[in-house]
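Asks: So the sequences go chain by chain: A and B. With the first sequence counted from 1, adding 4 to any position gets you the numbering used here. With the second sequence counted from 1, adding 8 to any position gets you the numbering used here.
Take these hints with a grain of salt, some might be off.
Unchecked claim - Pairwise CB distance ranges, derived in the manner of DEER restraints:
| no. | chain 1 | residue 1 | chain 2 | residue 2 | range |
| --- | --- | --- | --- | --- | --- |
| 1 | B | E127 | A | G35 | 36 to 42 Å |
| 2 | A | R284 | B | D179 | 40 to 46 Å |
| 3 | A | Q258 | B | G92 | 46 to 52 Å |
| 4 | A | P87 | B | A43 | 39 to 45 Å |
| 5 | B | A238 | A | V83 | 51 to 57 Å |
| 6 | B | H136 | A | P61 | 44 to 50 Å |
| 7 | A | P61 | B | S144 | 55 to 61 Å |
| 8 | B | G145 | A | P285 | 24 to 30 Å |
| 9 | A | S275 | B | A43 | 50 to 56 Å |
| 10 | A | Y268 | B | S98 | 35 to 41 Å |
| 11 | A | P285 | B | L171 | 49 to 55 Å |
What the hints assert, rightly or not - Covered stretches of chain B (chain A as the covering partner; in silico rule of three or more C-beta atoms under 8 Å from a C-beta of chain A):
| no. | region |
| --- | --- |
| 12 | 79–87 |
| 13 | 92–101 |
| 14 | 106–112 |
To be verified - Listing some non-contacts, in silico: residues in chain B with all C-beta distances to chain A over 12 Å:
| no. | residue |
| --- | --- |
| 15 | N44 |
| 16 | D72 |
| 17 | K139 |
For the record, the hints were derived by calculation from the structure and aren't laboratory data. Yeah, the Cβ is synthetic: ideal placement off N, Cα and C, and Gly gets one too.
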Amino acid sequence: MIAQQIINAVSLGGVYALLALGLAIVFSIVGLINFAHGELMTLSGYALLASLVLGLPFPVAVLAAVSCGALAALAMERVAFRPMRGASVTSLLLTSFAVSSLLKVVFQNGISARPQAVAMPGWMTGAFSFGDFTIGVGPSISIVVSALALIALEIFLRRTVTGTAMRAAAEDFDVVRLMGIPASRIIATAFLLSGLLAGLAAMLWVAQRASVDPLMGFTPVLKAFIAAVVGGLGSLPGAVAGGFLLGIIEVLLQATLPATIAPYRDAIVLSGVIAVLLVRPQGLIPAVRVQRS
Amino acid sequence: MLSVEALKIRYGEVEAVRRVDLAVDSGEIIALVGANGAGKSSTLSAIAGLVPAASGKVVFDGVDITGLAPEAIARKGVALVPEGRRVFASLTVADNLRLGGAVHLAAPEARAREEEMLELFPILRRYHRAKGGNLSGGEQQMLAIARALMSKPRMVLLDEPSLGLAPQLIDTVFDLIAELRRTGLTILLVEQNVALALEIADRAVVLANGEVVLSGTAKELASSDLVRQAYLGA
Chain A
5 MIAQQIINAV SLGGVYALLA LGLAIVFSIV GLINFAHGEL MTLSGYALLA SLVLGLPFPV
65 AVLAAVSCGA LAALAMERVA FRPMRGASVT SLLLTSFAVS SLLKVVFQNG ISARPQAVAM
125 PGWMTGAFSF GDFTIGVGPS ISIVVSALAL IALEIFLRRT VTGTAMRAAA EDFDVVRLMG
185 IPASRIIATA FLLSGLLAGL AAMLWVAQRA SVDPLMGFTP VLKAFIAAVV GGLGSLPGAV
245 AGGFLLGIIE VLLQATLPAT IAPYRDAIVL SGVIAVLLVR PQGLIPAVRV QRS
Chain B
9 MLSVEALKIR YGEVEAVRRV DLAVDSGEII ALVGANGAGK SSTLSAIAGL VPAASGKVVF
69 DGVDITGLAP EAIARKGVAL VPEGRRVFAS LTVADNLRLG GAVHLAAPEA RAREEEMLEL
129 FPILRRYHRA KGGNLSGGEQ QMLAIARALM SKPRMVLLDE PSLGLAPQLI DTVFDLIAEL
189 RRTGLTILLV EQNVALALEI ADRAVVLANG EVVLSGTAKE LASSDLVRQA YLGA
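When you get a sec, could you build the whole thing from the sequences and use the hints?
Replies: Take a look at the structure:
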């Protein structure tokens, strides 16, 4: 029972971490909190559903769905955010709200407002046990995928020129451009990565619930946003730390709170967030950013 | 090589540069001097494309580069070493250098160029794996210059390289600038320390309140009454 709860906690934390990272990458480069991030997740969910309905083998369907998330993020940048480049933070924020609302309506009217069942393979919902422990396959896969994605991202940011340029751009974008590195390439890569991470998170989210609905992305991305703020907005290690922390606390409270207090779980979690921010207003692991007038 | 014609720069309602005209020939050092707020840094930023010109134009090698993005201007061979150095604090010295040559050079060429830079700035070899933010001001200035040189630019814009450095380090930096000129590099130098700038430059342009008030050879300016009274304290 305890082992299972720990696995659930880490698995939920991993999903929050992937989403928070996506938000943080874009924020660190363009200063935009992308509220349409949840719709990237929803879109990937529908893409998985469509691929499976079309009869694609499961791994191919997952690949297609994740790619859809990444391409949608690129398209979003090109269509909605590139024309707004250089605009104020408020304008960018409103643009992302607009994109988010628009996509939600498209999902509701174009597909259905009701949840659609996704036929996940049977082995996903299975469990394996050793000794007294029973551990779900789904959450275990979720942990492995999150860990691999975090490692791959770390390698990309440390070892490649584009990754290094992105770390530099988070600190001082103008100077990166002075090095001759095109702003558009950096920004597009940031969105591409955030879309990939949203797509992966969507797969893990759908795997646990076996359904998609137009509002699927809203709650997890709201949580991811909280995680990113707690971790230190724009800080990538902070986003990961915040994501895991939030996921773990949520599951632990779920498991331990008496039934009468359980409905207040979110209130308790958010009070914790306020407490953290009172002590560390810049978040747990603040972003390195050069402030210029 | 570079000519700036009737350049005007505005930040909102404020006119930072009213009118600047200057020309830099290949292989020379031109110093742009003047008091704080005279518009020197704004002029450099406009040449590099970081701030837009309200009017006027910038021509490099016969090509009008006014209004181009900073990355496009960098690719034409103009490198700006910005005021305050602005090295990437969270990146290692090695990564700072690598980014400097990232789009300009192929990998083997970039490695060779990095080696040249480490020869020229031995201090950077010593701190190769250290974070840029952990270097001292003088070391950061060396890094900022080396990072700009990584792209093998044809022209370097140096913004206040002496700012905040100890006198001994200032000498080192200026010796280095003289050495760079010997390699044929064209340099536009912005400097508040007028005496120092006139010592090293071929020609100089004096800015006051966003306008050119005087220009000529460094020798002429060093002996002119205006410069001696206003900037050299003589």
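Asks: Now, for every hint given, state plainly whether the structure supports it.
Replies: Do the hints match the structure? See the list:
Taking 36 to 42 Å as the suggested C-beta distance range, the pair E127(B) and G35(A) conforms, at roughly 39 Å. Taken as a hint, the range 40 to 46 Å holds for the pair R284(A) and D179(B), whose Cβ atoms sit roughly 44 Å apart. Roughly 50 Å separates the CB atoms of Q258(A) and G92(B), a value that falls within the hinted 46 to 52 Å. The given range of 39 to 45 Å is respected by P87(A) and A43(B), whose C-beta atoms sit roughly 40 Å from each other.
The given range of 51 to 57 Å is respected by A238(B) and V83(A), whose C-beta atoms sit roughly 54 Å from each other. The given range of 44 to 50 Å is respected by H136(B) and P61(A), whose C-beta atoms sit roughly 49 Å from each other. One distance hint, 55 to 61 Å for the beta-carbon pair P61(A) and S144(B), holds here, with the actual separation near 59 Å. Taking 24 to 30 Å as the suggested C-beta distance range, the pair G145(B) and P285(A) conforms, at roughly 29 Å.
Checking the proposed 50 to 56 Å range against S275(A) and A43(B) shows it holds: the Cβ atoms sit about 54 Å from each other. Our hint of 35 to 41 Å for Y268(A) and S98(B) holds, since their Cβ atoms are close to 40 Å apart. At roughly 31 Å, the beta-carbon separation of P285(A) and L171(B) lies outside the given 49 to 55 Å, and the hint is violated. Closer than 8 Å: that is the beta-carbon criterion, and the region 79–87 of chain B has 4 residues meeting it against chain A, so the requirement of 3 holds.
With 5 residues having a Cβ less than 8 Å from any Cβ of chain A, the region 92–101 of chain B passes the three-residue criterion, so the hint holds. Requiring three or more residues with a Cβ within less than 8 Å of a Cβ of chain A, the coverage given for the region 106–112 of chain B holds, as 6 such residues are present. Even its closest Cβ contact with chain A, about 15 Å, leaves N44(B) beyond 12 Å, as expected for a residue assigned away from the interface. Against the 12 Å criterion, D72(B) stays outside the reach of chain A, whose nearest CB is about 19 Å from its own CB.
Here K139(B) does not stay apart from chain A, with its beta-carbon only about 10 Å from theirs, under the 12 Å limit.
The structure is inconsistent with the numbered hints 11, 17, although it conforms to all the rest.
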